[in-house]
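Number of protein chains: 4
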Amino acid sequence: MSTSSIENIGVFTSGGDAPGMNAAIRAVVRTALYYNIQVTGIRRGYEGMINGDMFLMDRRSVANIVQRGGTILKTARSELFRTPEGRKIAYEQLQKNKVDALVAIGGDGTFTGAKIFGNEFNMPVVGLPGTIDNDLFGTDFTIGYDTAINTAVSAVDKIRDTAESHDRLFIVEVMGRDCGLIALRTGIATGAEAILIPETINSGIESVFARLERGRRHKSSKIIIVAEADEAGGAFEIGDKIKEKYPNYDTRISILGHIQRGGSPTCMDRVLASRVGVAAVEALLDGHRNEMIGLIHNEISYTDFDHAIKHNTEINANFLKIVEILSL
Amino acid sequence: MSTSSIENIGVFTSGGDAPGMNAAIRAVVRTALYYNIQVTGIRRGYEGMINGDMFLMDRRSVANIVQRGGTILKTARSELFRTPEGRKIAYEQLQKNKVDALVAIGGDGTFTGAKIFGNEFNMPVVGLPGTIDNDLFGTDFTIGYDTAINTAVSAVDKIRDTAESHDRLFIVEVMGRDCGLIALRTGIATGAEAILIPETINSGIESVFARLERGRRHKSSKIIIVAEADEAGGAFEIGDKIKEKYPNYDTRISILGHIQRGGSPTCMDRVLASRVGVAAVEALLDGHRNEMIGLIHNEISYTDFDHAIKHNTEINANFLKIVEILSL
Amino acid sequence: MSTSSIENIGVFTSGGDAPGMNAAIRAVVRTALYYNIQVTGIRRGYEGMINGDMFLMDRRSVANIVQRGGTILKTARSELFRTPEGRKIAYEQLQKNKVDALVAIGGDGTFTGAKIFGNEFNMPVVGLPGTIDNDLFGTDFTIGYDTAINTAVSAVDKIRDTAESHDRLFIVEVMGRDCGLIALRTGIATGAEAILIPETINSGIESVFARLERGRRHKSSKIIIVAEADEAGGAFEIGDKIKEKYPNYDTRISILGHIQRGGSPTCMDRVLASRVGVAAVEALLDGHRNEMIGLIHNEISYTDFDHAIKHNTEINANFLKIVEILSL
Amino acid sequence: MSTSSIENIGVFTSGGDAPGMNAAIRAVVRTALYYNIQVTGIRRGYEGMINGDMFLMDRRSVANIVQRGGTILKTARSELFRTPEGRKIAYEQLQKNKVDALVAIGGDGTFTGAKIFGNEFNMPVVGLPGTIDNDLFGTDFTIGYDTAINTAVSAVDKIRDTAESHDRLFIVEVMGRDCGLIALRTGIATGAEAILIPETINSGIESVFARLERGRRHKSSKIIIVAEADEAGGAFEIGDKIKEKYPNYDTRISILGHIQRGGSPTCMDRVLASRVGVAAVEALLDGHRNEMIGLIHNEISYTDFDHAIKHNTEINANFLKIVEILSL
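Protein chains in written order, with full-length UniProt numbering: chain A, 1 to 328; chain B, 1 to 328; chain C, 1 to 328; chain D, 1 to 328.
If we strip away everything but chain A, and leave its shape as in the complex, we get:
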């Protein structure tokens, strides 16, 4: 480690909670202590920063949390932090608590705020990708994604039991507002007959009809996975179209919803969170600033906040072909 003037690292979680955030917090805390640096836990993200809701953490603060879902530091969205006044108060609170560097755990909103704040006050900040959506550039996987897809898969497995028993068609909506990755992997893993994701919206309902026609002879139950689209809920709309076209199908809709955020993190999410958590503290000590610490090809990677939040997840075309082949 290079010499560094960092003496007290603040750590916080922001945006939607994701399984593995606690493992990341634990890694940041223990690594800082390992390098004889103090760690300050900030509650409720930027909101708590503004409110001065922070406390010194020690080894025991993070004992026995590696397996817990949610985040012990809590999370919130902050309107005030979007204003220069809010950020100024936040900075003063950090100064009062002698915090001189930050590790921000969250997604694109979190990093957008972190970047502005780091630049405004010349505060060293790095980020960790904590979101179930896997929609960040600069890491193969985000913390929480693996747990979320396993939760979704396990839920669809249960629905398949009922679908098979009743020869039903189920339309199952999974999370992923702008991004179909959860839907895509869940669909492949559960043997879904069709997958509808924002990235291939053009193929749309007609392709679903085509698949249903083709699979008619072979399948008794059918499951269509849909990525959530908007507040109105894409699954219901698609359900209406299918019921209109195939009135004889026994069609049902299930919105998995919030269960996908919680639960004990998978091994992969805990290991990922632990690795990038250690690396984040070391990165700060090495002089990294305004970067997200991720994992690409099983190696630690450093990506500018600007680049990380560009949202350009690409859907692997092979995946769509795999669905086509396997759901026959």
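Check before you lean on any hint, since a few could be wrong.
As the list makes no split between identical chains, a pair holds if one copy fits it or if it spans any two.
To be verified - 16 Å max Cα-Cα, derived EDC-like pairs, lysine to aspartate or glutamate:
1) K98 with D53
2) K243 with D167
3) K321 with E299
4) K321 with E282
5) K241 with E206
6) K310 with D140
7) K245 with E213
8) K88 with E120
Because the hints were derived from the structure by calculation, they are not lab data.
Dock chains B, C and D against the given chain A, drawing on the hints supplied.
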């Protein structure tokens, strides 16, 4: 066993599927074979009976299914069976397949049909309580109920992670159209702040408001469990009222839905299904007719179909007091 | 509630930990507070009582623990408490902390100590059945038993996958030193080909040989469930005998061991723990002394400590016949 | 796809079973049918090949198996196949069934046989990495590894509950005869205090003592993860040494054993199996021979059998440092 002229027992599942139905089918098949009686599997309940969709089962037919959700015999609802013509065809199909007695696995609809059919054609019929709703009289628990509440509890545990992380109020709707038993146990087991069930509908929303007021100081997250009421969905309505009264709460709604029906049955459901499955065959051989075989106080019980479907589940008043005390 | 002079209830867990102990602690704490009585948490059972390791608990002390395995109050065995001197110190520590009644959560060792202590110092004491072994008289189920058997069942399900894939015979040892109840239910629920329990030890290995002979034609995989017997491990001995008699079988041994104690409690264990926890405080206030609070036929029951620890669990003979019929 | 003379692909599983093998079989079958090629399922690996235990598969043969542990084609080890005579019979059986290409799912033993066989009879063969050990070169992960480590993690989480409740030290042995990868990830994910793996055997017991000394003040419970070493069981030996050095510790041993092989595969294992299963058939059609189809950096990779089984898994040095930092 008394002497009996029964030589071929037909077994089927009907109504909504429930975890443990496969364990019950297995028990019926193996017990019949143990007593040197043939067993005929009838697919899709009364619908399959009418269509003659049935086959002789042997030991291997039920190998390795004790742990599977759903029902290998499938299930369906049959409009035709409600008519005398439909039942007559069904009877002829059973005769053609030499089936001379029936074990019906399902809920009140299933037993209503079984009773009429048994009387019309003088066919020996007994029933097994297979429904997640636990809404039958004559058994402490129905097959599938324990699995369903554990699935619901595990889902609410995940939601609690998010509720805690965000200081949110969640309204979670669980299954149970006419009956609040799933909601009640799920609520106690997850430490819910309030439970809304049809049986106490009068207490209603005002009591929820009162509880929310009282818990305000102590709790950061809040979970309200609601039994499903009607197609419109009770959770959304309740959510609207709470949002109106407490606009500052971060209120979310989650409908658990169909995931509660599937999944590998719990130990309790498998043991229950095995015990009543064995007892059902022995009951037929002993001359029992038109009875549901259940478990009361850990002993096999026999209840007239008429009595079993009377729907008079009573909510244990102590349970409501427990919620009152524990959710403080 | 009757008037009562109790002002501060001490609560502790003792003996082996069991899932649901935390739900029981929570219920005791919140019920005491509901009746405006103080609650003192005592850490590490009788050992902590002697060491004065205790603290006042409030609502927040038990927030968000209903779903956690283990016990937040920790548990230990205490040699010193077996001596009059040790118990005298314990009593003085309770006096110093103004504790004037106790709720002891544990098994027979816990209750033996509680009875002596209660009598020696005229201290009101009641107990809650917290043990995975289900070996107490006066309650249909003990707290932790349902979780333990579900953990065992889920482990054997996984082993069945391998047994089926390799056509193997597995001997799986489950917990239950003096009592075969875990083995019995696990065996029925997993479709075991044979079950060996202390209560039927005479039938022993010869009956296993007979079953293996009989099942030879039908089954490709075989699973034998054995209750743990002594330190040497019954499963290995049985394995040796089977390997000697059937050298062609591909025989493997698995000791489930300590995983059966942990994990998030099932719905049934949480509800049981909550109900008896509420009832324990109310029982103390109503003047009950030296009794274990259990659940018989779904109603709260009160059993003298002396009677509760008599260990006379009887194996339901029907259960053994069910195994005989179903494993064919 | 290039033109190809392949008309009937044989698929089989061999060696230890691994979760996800069924998903791989399903992908091979459906992809072959998609390209209008017949598929023959061969039961019990090379043993079944010699015995002619094979059958034509269709879409329904692999319906509803993507979520099942084990392998529907069963697996076995074959001594006879190690001889030229055995392999000759196997080839004749394949000819009789018109099988003209093979997909072998298994580990190094499987691929060693496949290579010899493919060369001897000029039979097109490709392999899929199906083993929980992740000890193959040419793929980032093997099918079954992710499920196995999640099973191990979930078991250690349960043990942590007991360790915490009793302030105990647990030595937990996980699978991995020659390879510490399961131990390493399980240890990081569960917050183990020390990890002992074959690759760092030199550091051995002294380093464990050092860690125990250092952690003494901070930790109440301790967990040491050990990779299985030999039949005698490494965990017991290490346990004896620790008990000798630290007689005051309450030390317990748990061998996770066979539960690590079974269970429903994780999302990652299902997606991996599906992707390489599709790619295997396409590889055969494209003229690939004697290669294992894996996934490197999220892209399909092709590795000579010779190279794949070289066993040169390297332990990432960073992983060991992470354990050092996080278990403080």
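Okay, the hints, checked on the actual structure:
1. K98 with D53: Answer is within; shortest intra-copy Cα gap is 13 Å, inter-copy 35 Å.
2. K243 with D167: Intra 15 Å, inter 39 Å, cutoff 16 Å: intra-copy only.
3. K321 with E299: Between copies, since 15 Å is at most 16 Å while 29 Å is not.
4. K321 with E282: For K321 and E282, only the inter-copy Cα distance (12 Å) is at most 16 Å; the intra-copy one is 41 Å.
5. K241 with E206: For K241 and E206, the Cα distance is within 16 Å only inside one copy (10 Å; across copies 39 Å).
6. K310 with D140: For K310 and D140, the Cα distance is within 16 Å only inside one copy (14 Å; across copies 27 Å).
7. K245 with E213: within (11 Å within a copy, 49 Å between copies)
8. K88 with E120: within (9 Å within a copy, 65 Å between copies)
The earlier numbered hints are all upheld by this structure, with none contradicted.
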